[in-house]
Amino acid sequence: MITTSRIQSLFTNGILEIILALLCVVLAVTASGFLTAENLLNVLRNVSMQGVIAFGMTMVIISGEIDLSVGSAVAFSACLTAFFTLKFSAEWVSLPIALAIAIAILFSLIIGFFLGVFTGFMRTRYQVPSFITTLALMTGLSGAAELITNGFPLTPFPNWYNFIGGGYLVGIPFPALLFLLTFVILQFLMNYTAFGRSVYAVGGNAEAARLSGINVSRVKMMVLGITSLLAALSGIMVSSEIMSGTATTAKGWELDVIAAVIIGGTSLMGGVGRIWGTMVGVVFLGVLMNGMTLLNVSEYWQHVVRGVIILVAVLLNLLQKEKRRG
Amino acid sequence: MSTPAHSLQTRSLRKEYPGTVALDDVSVSFTGGKIHALIGKNGAGKSTLVKIISGATQPTRGSILVDGLEVSLPSPRHALERGIVAVHQELSLVPELTVAENILLGRLPKKHGLRNSVIDWRSVFLRAGQVLDDLGVYLDVHEKAGTLGIAQQQVVEIAKAMSYEPSILILDEPTSALAQHETERLFDVLKKLKTRGVVLLYITHRLQELHEIADTVTVLRNGALVGTIGIDQATPAAIVQMMFGEVVQRSRPVDLIAPTEPFVEVRSLSRTGSFDDVNFTVNKGEVLGIAGLLGSGRTELLRAIFGADPPDSGELIIAGQHIRPTSPEQMKELGIAMTPENRKDQGLVQLLSTSVNLCLSSLHRIASHGFLTRTREERLVEKNVRELDIKVNRTDAPVAFLSGGNQQKVVIGKWLNTNPRLVLLDEPTRGIDVQAKQQMFQIIWDMSKRGISCIVVSSELEELLDICHRILIMRAGRIVSEVRPSEISLENLFAACMKEEV
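Residue numbers (the working numbering), protein chains in the order written: chain A, 65 to 390; chain B, 1447 to 1948.
Okay, chain A solo, but in the shape it has when bound:
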């Protein structure tokens, strides 16, 4: 009896994990080169730059908001990092390149954070939906990235800078380590802190949270700020990978990121979701893309399959919830 109910609960709570495991088994058999350490680390590296944002996006969606600007924020942050590096190492002052890069990274992260806080401020102070503010930021930041680069990639970086987006530490891609680190921090934040609990409460019922003495505005501003900060981090990783600040990178990432979050079981209605679910969602999409590439599936088909996966995942989640309720 105990074992059957345990298996049942595994099915209801871990259906995505099971599907992911099945997918891996199928690919291990059919796609040569899938089950190698090199390929798996490669998958991890490929998902890491969108993945760090996905964890933040999970918090945003749980809190009942949305952030459509993350793709543009990545491009903006990449360009901003290159821009400041150029300015601090040559044009405004001639600081040592390492120091210029450090300052540039710091500025990009801070500016990123406050862009998110701005969205939260507009939401809580003026009741502008985050959908609208981030839609405006999506266009605005993309334009700003073009402006500061004059439409051409900025390339002020020395070779060693490639480490952040392309290097290895103890045999693991460095961006993958940043991805795992972000996961651990946000997993902890959402599950073991007063702040994380407030995020669920605010998304579940903002008015009840406010009447419980929770500062709803602060929670929303923080959540959006953290996500925007993670987009800036992602932008720094991207600038390092391609060794330039290019305004046209990361186009449409917001949708990939939101897709991963939703596949991971987070409800767009707010109040429900897990960081771990997003981890599985991100890896699932990564493995799927990688497998299809190895199997020589055309890129067009990959898009179609991804669209189908998103729908099926949401449908499965909803059906499961219904079953648990009934």
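Quick caveat, the hints were computed from the structure, so don't treat them as lab data.
Just so we're clear, the structure is a prediction, and the values are computed from it rather than from any experiment.
Check each hint, because a few of them may be wrong.
[Said to hold, decoys possible] Under the rule of at most 25 Å between Cα atoms (straight-line distance), these lysine to aspartate or glutamate pairs were calculated in the DMTMM-like manner:
no.	chain 1	residue 1	chain 2	residue 2
1	B	Lys-1730	B	Glu-1908
2	B	Lys-1790	B	Glu-1833
3	B	Lys-1945	B	Asp-1879
4	B	Lys-1837	B	Glu-1787
5	A	Lys-385	B	Glu-1787
6	B	Lys-1790	A	Glu-271
7	B	Lys-1487	B	Asp-1513
8	A	Lys-385	B	Asp-1791
9	B	Lys-1557	B	Glu-1516
We have chain A already, so just place chain B on it with the hints.
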């Protein structure tokens, strides 16, 4: 007078909701050409009866007869087709549409041809104008409903109802938003309808209106029919007796402390449109009641003290400190808690578990340096469940699964975990069963003994008499007097709340 009078009858209507019986074996009949007042306290079953008659909800048992024939009313649309129309207290006009469109909403006259899909605007305005003329009111049918005053909107609602040419018209507190002269005009309209043999059901809280308008008075109490009397028999004493029944004074605990040390002083607190210049003091460990009708400003006052809807002016004095409430977060820090009237939507996050809800207000108290420790949480939750006697199978399951009484205990537990010094309770016993009510009283008295002050707002006046040290009477946004339960009878307390401002 040529139209034959209609009639409405119910037979053994019963309505059960999970955990409660809202309507119990109600058999009553209403004849056309008369105005039948339907009265009772909040939760007596008036609105349930109206909902069943207008098809908005289905009875668990029993039947409805219109003009002597049994009807089935699976939806409001079916009720409309039977000529049953209800005008609800909350206005349901579309503000952006004209008066005429609102009156004929969903039934706009169409031009012939073109598959009858083109609106015939001329006859829209003509017909709406006719309906208004019939009622003897003048309103511009081209005006947008949203620009009208509340009273005029109410008239449009009634016109809309009349455009269905109902045989049974139900009016749910139609005068609650009206001024005296508007009420009189409405009464003229109703008297006119009487002559057409329409069955008029009139729900009201204003007992002084009864003699002006009603022919019979039907009283419900706790979901059961108490009886129907003619208006000539309806003395105030008789009505109160019917509404409240034999009042049993519950024995209070003998060891209740007599609080004398002031804790919070409320000074000339005002909020435009809600309440004005409110002054009172709550003593340490005191249970202070606020009695007043719906709309007297009692809920708004509690919310203002808690900072949920901050006051426009005035202040609180707490232990010598002058404080202007601005947010619940701030007031929580000062030791003030509130259990809101609407506990389902405002008191709890239904999606989250019982234990998470219990810890929601005290997250920073439980956490050390912002980090939650499961053992500490569990210990607290376990203590709440034990001390408040919360009936819960799994504290990690959504709180939505709990009954009303247990949910209320969770809300109180959530605040007890903050070590409050003053708890504001808005309708703490609404929708919970008798046993849970008794437990709620005990919880309030226990808090009082521990030196926690309580301000209780309740429509159940007899409850206030039972549990409070002192009762403030609130009317039209002002505190008009202060009484002690031992010095006032239920009838007089009720009368004090009812008295109209002149």
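To see whether the hints hold, each was checked on the structure:
1. A distance of roughly 23 Å separates the Cα atoms of Lys-1730 (chain B) and Glu-1908 (chain B); the hinted pair therefore holds under the 25 Å criterion.
2. Under the criterion of a C-alpha separation no larger than 25 Å, the hint pairing Lys-1790 (chain B) with Glu-1833 (chain B) is consistent with the structure, at around 22 Å.
3. With a C-alpha separation of about 30 Å, the suggested pair Lys-1945 (chain B) and Asp-1879 (chain B) falls outside the 25 Å cut-off, and the hint is violated.
4. For the proposed pair Lys-1837 (chain B) and Glu-1787 (chain B), the alpha carbon gap of about 21 Å is at most 25 Å, so the pair holds.
5. Between the alpha carbons of Lys-385 (chain A) and Glu-1787 (chain B) the distance comes to roughly 29 Å, so the proposed pair goes past 25 Å and is violated.
6. Distance check on the hinted pair: Lys-1790 (chain B) and Glu-271 (chain A) sit about 11 Å apart at the alpha-carbon level, within 25 Å; holds.
7. For the given pair, Lys-1487 (chain B) sits about 29 Å from Asp-1513 (chain B) by alpha-carbon distance, which is inconsistent with the 25 Å threshold.
8. Restraint check for Lys-385 (chain A) and Asp-1791 (chain B): the C-alpha separation of about 21 Å stays at or below 25 Å, so the hint holds.
9. A hinted pair counts as satisfied when its Cα atoms are at most 25 Å apart, and Lys-1557 (chain B) with Glu-1516 (chain B) does not qualify at roughly 37 Å.
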